[in-house]
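Protein chains: 2
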Amino acid sequence: MSRLTIALDAMGGDNAPQVVVRGANIARQRHPQVEFLLFGRKGEIAPLLSGMQRLRDVARIVHTDDVVRGDEKPSVALRSGRNSSMRLAINAVHEGAADGVVSAGNTGALMAMSKFVLKTLPGIDRPAIASFFPTLKGESVMLDLGANIYCNAKNLVDFAVLGTSFARTVLGQPEPSYGLLNVGSEEIKGHEALHEASAILREARFPGHFVGFVEGDDIAKGTVDVIVTDGFTGNVALKTAEGTAKLINEFVRRTFRSSLLAGIGYLLARPAMNKLRQRVDPRRYNGAVLTGLNGVAVKSHGGTDTIGFANAIDVAIDLLKHDFIAETRKACESMPRPFDNQAAAS
Amino acid sequence: MSRLTIALDAMGGDNAPQVVVRGANIARQRHPQVEFLLFGRKGEIAPLLSGMQRLRDVARIVHTDDVVRGDEKPSVALRSGRNSSMRLAINAVHEGAADGVVSAGNTGALMAMSKFVLKTLPGIDRPAIASFFPTLKGESVMLDLGANIYCNAKNLVDFAVLGTSFARTVLGQPEPSYGLLNVGSEEIKGHEALHEASAILREARFPGHFVGFVEGDDIAKGTVDVIVTDGFTGNVALKTAEGTAKLINEFVRRTFRSSLLAGIGYLLARPAMNKLRQRVDPRRYNGAVLTGLNGVAVKSHGGTDTIGFANAIDVAIDLLKHDFIAETRKACESMPRPFDNQAAAS
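Same order as they appear, the protein sequences are chains D and B.
By the numbering used here, the letter at position 322 of the first sequence is numbered 322, and the numbering carries on one by one without gaps.
By the numbering used here, the letter at position 239 of the second sequence is numbered 239, and the numbering carries on one by one without gaps.
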């Protein structure tokens, strides 16, 4: 495949620009065909690059002093951050200088700027944050993970189109199953928007298999390939799952330290336990996708390390290799359109 | 302490009346001062009791043929289930024949009937389902777990009063810390009702310490003693946590089976692992409390077994021993009252 260029917001995240530059260096080894544009303060980035000859060969620094703060309101960042490292990295995708952008910075600002600069795909009102995660059956996708606090039926239907497109292209599921996250599988339960969305999705024509409502425990079970939900619920579910995984891991750790025999048992099981640790390593699942945009944009966790940031770059490259945007655009064209009348009426 | 009588909906749950009767037999051993009223079909209950002489001495069957179905709409159950085992068990508490009621039946019906018969405590509009769960620091309480899909600020403030009262009496925390579950700790994020409730709770006078907003991962961390949320989010969070715990347990199980050394390691660590299994056993946390009612009502998981149902009975007895209703009534009297003006204005 042809060369790809990834724009990196070198100043985004808790440990920028170190983590970004070192992450790019790992990604460079994995993807010899990729080049990088590093947006940010040259005085801080250049010294980090000095010891990385190979990365220097495929990376170019685009200097800017301006940085979006982690606690900045999205609306403020949009107005006053026009020369920020985040904004210039997104602009590079819009202008064709880069194929995709990765940032570990302020999520709300990244979403607002990406929507403003890249625009949404035809028919999509609001982009959604999607990520894949481990399940009993393999891997599934969930969205929205926090971009949209209030969601109506149209948004949820859009997210179903975006999520199934993600599962088709990146997870390689030709007919992904998907469900709406609710509090009960009976039709009588849950928010009105969920029931309206469910009625529309039952008639939907885009590739995928709608199973109806699913519940919180279906997420880890892998009952469906794609979990569709509003950004409030999705964010709480994601963080609850992360917290619970850490809790159980800590309980297991304490268990192995609780007796001499258990400690010896741990030593014998250690190689296998290390494999498990890798399997559920949150860094492995770092890199959430801003779906619904007319361009590839990936959000890395702000507190991730070098390995995690390299994985977020992997996600962007994966989306590009699988033609995620073109495939999603096609799916949008076959999207259910019962909302057109509403829009015309309003 | 004086004798207690627990009314049991003997026909509620997936494996009724077997699980209910056998669960009562375990509870009877743990609590010699407790008597039981078993509501349901005598023809099914009596044969189960025949081999349990000691239970028969402290249990009385109150016959009724009528049973609330698991999939019955709460409104239908309320209208047409006046002679159901569930309803008669609740009536027994209202009439003073029993001190508390435990049911593994239809949650919505139990909530609707309990609210109708027992009424809510002064100032409480809607009861909430609360349960405790394991955390890194010990145990915490979360509510609402599914009774109220849509919640306004008043409901959330009520739940804070009810949840802290639960933590004070049953978990023995004199000044429980509590937080509102949200998607970010910054004031700019989340639903409007959360912000309104937060402003009121900052001025609140009831015993407890309000820490503001918490996120999904704070649940398992044990950041606060009480997590306050709407019933939709709480139900999704609870089930997501349960699903994730099962996933990690399964991953650990597979890890021990993945190599001979790991298998030997498991044998050595087994006694310690069994202790862990007991610690995170969902049956241990069975028994959700219908808080805000003028009476003790406990909901057991519908699919639980004998041990789980006995634990739900334990929860009811614990609430009675700790004078939960009287303590909660006192807390309600010191509840913030900024809503009175709204009520007067509307």
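These aren't lab readings, by the way, just hints derived from the structure by calculation.
Hints may be right or wrong, so weigh each one.
Copies of the same chain look alike in the list, so a pair counts if it works inside one copy or between any two.
[As the list claims (entries may be wrong)] Straight-line distance between alpha carbons at most 25 Å, and here's what the computed DMTMM-like set of lysine to aspartate or glutamate pairs gives:
| no. | residue 1 | residue 2 |
| --- | --- | --- |
| 1 | Lys-246 | Asp-305 |
| 2 | Lys-73 | Glu-192 |
| 3 | Lys-221 | Asp-305 |
| 4 | Lys-221 | Asp-57 |
| 5 | Lys-275 | Glu-95 |
| 6 | Lys-321 | Glu-72 |
| 7 | Lys-275 | Asp-314 |
| 8 | Lys-221 | Asp-14 |
| 9 | Lys-42 | Asp-57 |
| 10 | Lys-246 | Asp-281 |
| 11 | Lys-330 | Glu-139 |
| 12 | Lys-275 | Glu-250 |
| 13 | Lys-330 | Glu-95 |
| 14 | Lys-73 | Asp-281 |
| 15 | Lys-137 | Glu-250 |
| 16 | Lys-73 | Asp-14 |
| 17 | Lys-221 | Asp-71 |
| 18 | Lys-73 | Glu-196 |
Just so we're clear, the structure is a prediction, and the values are computed from it rather than from any experiment.
Results for each hint:
1. Proximity of Lys-246 to Asp-305 under the C-alpha cut-off of 25 Å is restricted to the intra-copy arrangement: shortest distance 17 Å within a copy versus 28 Å between copies.
2. Taking the shortest alpha-carbon separations for Lys-73 and Glu-192, only the inter-copy value of 17 Å comes in at or below 25 Å, while the best intra-copy value is 30 Å.
3. When the C-alpha separation of Lys-221 and Asp-305 is checked against a cutoff of 25 Å, the pair qualifies only between copies, where the shortest distance is 22 Å, while the shortest distance within a copy is 28 Å.
4. Proximity of Lys-221 and Asp-57 under a CA criterion of 25 Å is satisfied in neither setting, with 45 Å inside one chain copy and 44 Å between copies.
5. Taking the shortest alpha-carbon separations for Lys-275 and Glu-95, neither the intra-copy value of 42 Å nor the inter-copy value of 59 Å comes in at or below 25 Å.
6. Proximity of Lys-321 and Glu-72 under a CA criterion of 25 Å is satisfied in neither setting, with 33 Å inside one chain copy and 50 Å between copies.
7. For the identical chains of this complex, Lys-275 and Asp-314 are intra-copy neighbours only, at 21 Å inside a copy versus 40 Å across copies, given an alpha-carbon limit of 25 Å.
8. Proximity of Lys-221 to Asp-14 under the C-alpha cut-off of 25 Å is restricted to the inter-copy arrangement: shortest distance 22 Å between copies versus 33 Å within a copy.
9. Only within a single protomer do Lys-42 and Asp-57 lie at most 25 Å apart by alpha-carbon distance; the minimum there is 16 Å, versus 84 Å between protomers.
10. Taking the shortest alpha-carbon separations for Lys-246 and Asp-281, both the intra-copy value of 10 Å and the inter-copy value of 17 Å come in at or below 25 Å.
11. For the identical chains of this complex, Lys-330 and Glu-139 are intra-copy neighbours only, at 24 Å inside a copy versus 49 Å across copies, given an alpha-carbon limit of 25 Å.
12. For the identical chains of this complex, Lys-275 and Glu-250 are neighbours both inside a copy (16 Å) and across copies (14 Å), given an alpha-carbon limit of 25 Å.
13. In this assembly of identical chains, the alpha carbons of Lys-330 and Glu-95 lie at most 25 Å apart only when taken from the same copy (22 Å versus 65 Å across copies).
14. In this assembly of identical chains, the alpha carbons of Lys-73 and Asp-281 never lie at most 25 Å apart, being 31 Å within a copy and 43 Å across copies at closest.
15. When the C-alpha separation of Lys-137 and Glu-250 is checked against a cutoff of 25 Å, the pair qualifies both within a copy, at 24 Å, and between copies, at 11 Å.
16. Proximity of Lys-73 and Asp-14 under a CA criterion of 25 Å is satisfied intra-copy only: 17 Å inside one chain copy versus 50 Å between copies.
17. Taking identical chains as interchangeable, the C-alpha atoms of Lys-221 and Asp-71 lie at most 25 Å apart only when they sit on different chains, with a minimum of 23 Å there against 35 Å within one chain.
18. Within a single copy, Lys-73 and Glu-196 get their C-alpha atoms only as close as 32 Å, which misses the 25 Å cut-off; across copies the closest is 20 Å, which meets it.
Consistency with the previously given hints fails for numbers 4, 5, 6 and 14, ordered from lowest to highest.
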